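Asker: Using the sequences and the hints given, assemble the complete structure.
Each protein sequence line maps, in turn, to chains A and B. For what it's worth, full-length UniProt numbering labels the leading residue of the first sequence as 1, then goes sequentially. For what it's worth, full-length UniProt numbering labels the leading residue of the second sequence as 1, then goes sequentially.
Everything labelled a hint here was simulated from the structure, so no lab data went into it. As the structure is a prediction and not an experimental result, all values here were calculated from the model. Glycine included, every Cβ here is placed at the ideal spot set by N, Cα and C. One or more of the hints may lead you astray.
Stated by the list, open to error - Partial list, computed: chain B residues near chain A (C-beta under 10 Å):
#	residue
1	Ile148
2	Gln319
3	Ala325
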Amino acid sequence: MAHDSLYAAPPTAEAEPGAGRLASLRGLFGSWDAVIVAALVVAVLVASLTVENFASGRNAQFLLLDLMPLALIALPMTLIVITGEIDLSVASMVGLCSTLMGQLWLSSGLSLELICVLVVLLGAVLGAVNGLFVTGFGLPSLAVTIGTLALYRGLSFVVLGDQAVADFPADWTAAAVRNIPGTSIPVVVVPLLLLAVIFGVVLHATAAGRALYAMGNNDQAATFTGVSVARTKFWLFVVSGAVCGLVGIFWTLRYASARGDNATGLELTVVTAVLLGGVSIFGGRGALLGVLAGVLLLGVLRNALQLADVDANALTIVTGSLLIASVVLPNAVADIRARLHRRRQRHPVAS
Amino acid sequence: MSLTDAGAPERAAGDTPTDPGRQRRTLTERLLAVRELSLLVALGLLVLVTTLRNDRFLSGQSIKDLLLGCAILVILAVGQTLVIVTRNVDLSVGSILGLVAFATGSLFLWAPGTPWPVALVVGVALGALGGAVNGGLIAVARVPALVITLGTLYAFRGVDYYWASGRQINAADMPASFLRLGNQTVLGVPVLFLVALVVVAAVGFYLRSYRSGRELYAIGSEPAAARLSGIPVGRRVFAVFVASGALAGLAGVLYAARFGTLDAAAGTGLELQVVAAAVVGGVAIFGGSGSAYGAALGAVLLTTIGSSLAVLRIDPFWQQAVVGALILAAIGLDRLLALRVAARLRGRSAHGA
Chain A
1 MAHDSLYAAP
11 PTAEAEPGAG
21 RLASLRGLFG
31 SWDAVIVAAL
41 VVAVLVASLT
51 VENFASGRNA
61 QFLLLDLMPL
71 ALIALPMTLI
81 VITGEIDLSV
91 ASMVGLCSTL
101 MGQLWLSSGL
111 SLELICVLVV
121 LLGAVLGAVN
131 GLFVTGFGLP
141 SLAVTIGTLA
151 LYRGLSFVVL
161 GDQAVADFPA
171 DWTAAAVRNI
181 PGTSIPVVVV
191 PLLLLAVIFG
201 VVLHATAAGR
211 ALYAMGNNDQ
221 AATFTGVSVA
231 RTKFWLFVVS
241 GAVCGLVGIF
251 WTLRYASARG
261 DNATGLELTV
271 VTAVLLGGVS
281 IFGGRGALLG
291 VLAGVLLLGV
301 LRNALQLADV
311 DANALTIVTG
321 SLLIASVVLP
331 NAVADIRARL
341 HRRRQRHPVA
351 S
Chain B
1 MSLTDAGAPE
11 RAAGDTPTDP
21 GRQRRTLTER
31 LLAVRELSLL
41 VALGLLVLVT
51 TLRNDRFLSG
61 QSIKDLLLGC
71 AILVILAVGQ
81 TLVIVTRNVD
91 LSVGSILGLV
101 AFATGSLFLW
111 APGTPWPVAL
121 VVGVALGALG
131 GAVNGGLIAV
141 ARVPALVITL
151 GTLYAFRGVD
161 YYWASGRQIN
171 AADMPASFLR
181 LGNQTVLGVP
191 VLFLVALVVV
201 AAVGFYLRSY
211 RSGRELYAIG
221 SEPAAARLSG
231 IPVGRRVFAV
241 FVASGALAGL
251 AGVLYAARFG
261 TLDAAAGTGL
271 ELQVVAAAVV
281 GGVAIFGGSG
291 SAYGAALGAV
301 LLTTIGSSLA
311 VLRIDPFWQQ
321 AVVGALILAA
331 IGLDRLLALR
341 VAARLRGRSA
351 HGA
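Answerer: Here it is in structure tokens:
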């Protein structure tokens, strides 16, 4: 049933059921967090030892700043994908929030504090539109958010055209990149960690979080057990929009530029990071720790390759190969295990 | 499940087994006809309104530009239809197009005398190879095509960048006979559009009239049931990805012929436009329903919106917003039609007819 909620598994998935394989597959996915955290540790170690300047404070600062938008959006995206839905409009929401922030600053005369509040609210409204189409009209989220991806990006060009608003107060733009005093960790990491803890607690330690997994595994069964599937999904899309509002503010201030094409294409990177982090695109499986490790792994590899003067374009290959490897490897390993297991059963003496 | 589905008419009809088969078929057929008809009406209205505001919109040159502009998107959308009908998606088409376009240019650099049919065959074969990589990985990984083709979207584009490494291929590097292919017209119709028409007709006919074509709908409607009824699902899905790759390869060669200037960024971001064209054309994103003709009309409509906005002197920045609104309207309309059909069928079976 869960397979109906997004793209179905290719045929071979259920062709050879084999209880042994399913169990080992589940075991592997359960430990995927550990695998990806280990990969992250190895990547950091290798990069620190072999790549000049990687282990510098300045680089750590840039690395973290670069990863902020990705990490922030990955939080609600993880929850949404776990319920078996997807939100492809995130980057467009960031762009639209950014341009509206610029437009309001340019012409409304409101204080920047008030504008920021308005921008987050606007993000929530954009998310609510997604949620309404998905849950109110019962449309597939993939199609809806491809539609709003185009719609919101279009509107962000309507707001500012190809102009950019850049005259934000210097103390605000400086604050976006400032470090925690005495460290080389950007201040903005604090709200990120705060949000990550909130999302983590909700997902992993509350009944509402367990309900998200239930929805991803089986919508109808979840409904019968008293979970209000539609309302929960609606609010997830709203939260996703609000977080995109926050990212829009951060993006605008960090680059001191509100532009219609801000964050273009980010949606695919976010989905990549979430899947790399071990969340199943079928829904029902995944953990926030793995996703955060996936985000960091993606960032560390790209950053280290950049510093090592590897052709910038090789990074694109790395991103794609990582994603493919992260989904192909677990199944390949499970296959080999299952084969070994069968052989042992056939020749008990040999083992 | 039909309540949360994309609303494929066939499946809605299938919910009531008591319904006579003949009636079900005519209803479905009528709905599909309505769908393509409504697209044509929308297209007609758009052209009419634009022409009323500026009669040069229907001039020969402008129509020629329009047909030329939509040809590549039409070919890609038709390939995507094959994939989406089986409840999969191919996000790597833009990257395959870019890679093949650059490969075509490089082929001419490397062997200047290459006749263009050879380049065409090489390009289509390279595209099919990319599609086979997709299909093979999907079979090995047993994960949704969405994930794999998202990965190959990056991987193919990365290979393209790596290969091009900042170089650009210009029209001067390619033979005139090849470039003529991109702009030539036969009786006023661009050759590119004729190629697209052939592709639409061939795929449309295949989906409608061949057993294996019908089986693709069965796979998309209910993969498990299709497998139980003996359809070689794995082989069909693999073939569909090879076909989508080959068509993206064809589109890549035509792209090279049309634009003449190639760098590694060719076709970036095209994938979402292609999916949009298919969705607007009535191809249900959850498989099992839709036609190549609808997808082609969707691609033509999207392209026409672009040029009529320009003619109407509406800020071109509105274009993308209009496209987005159109996608939402199209899937909403699908949903509405499916609900009405389901309600009607329920009513009829309740009365014991």
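Asker: Can Ala325 of chain B be said to touch chain A, with a Cβ gap under 10 Å?
Answerer: holds (6 Å)
Asker: So, Ile148 of chain B near chain A? Judge it on the closest CB pair being under 10 Å.
Answerer: holds (6 Å)
Asker: Quick check on the hint: Gln319 of chain B CB to chain A CB, less than 10 Å?
Answerer: holds (7 Å)
Of the hints listed earlier, there is not a single one the structure fails to meet.
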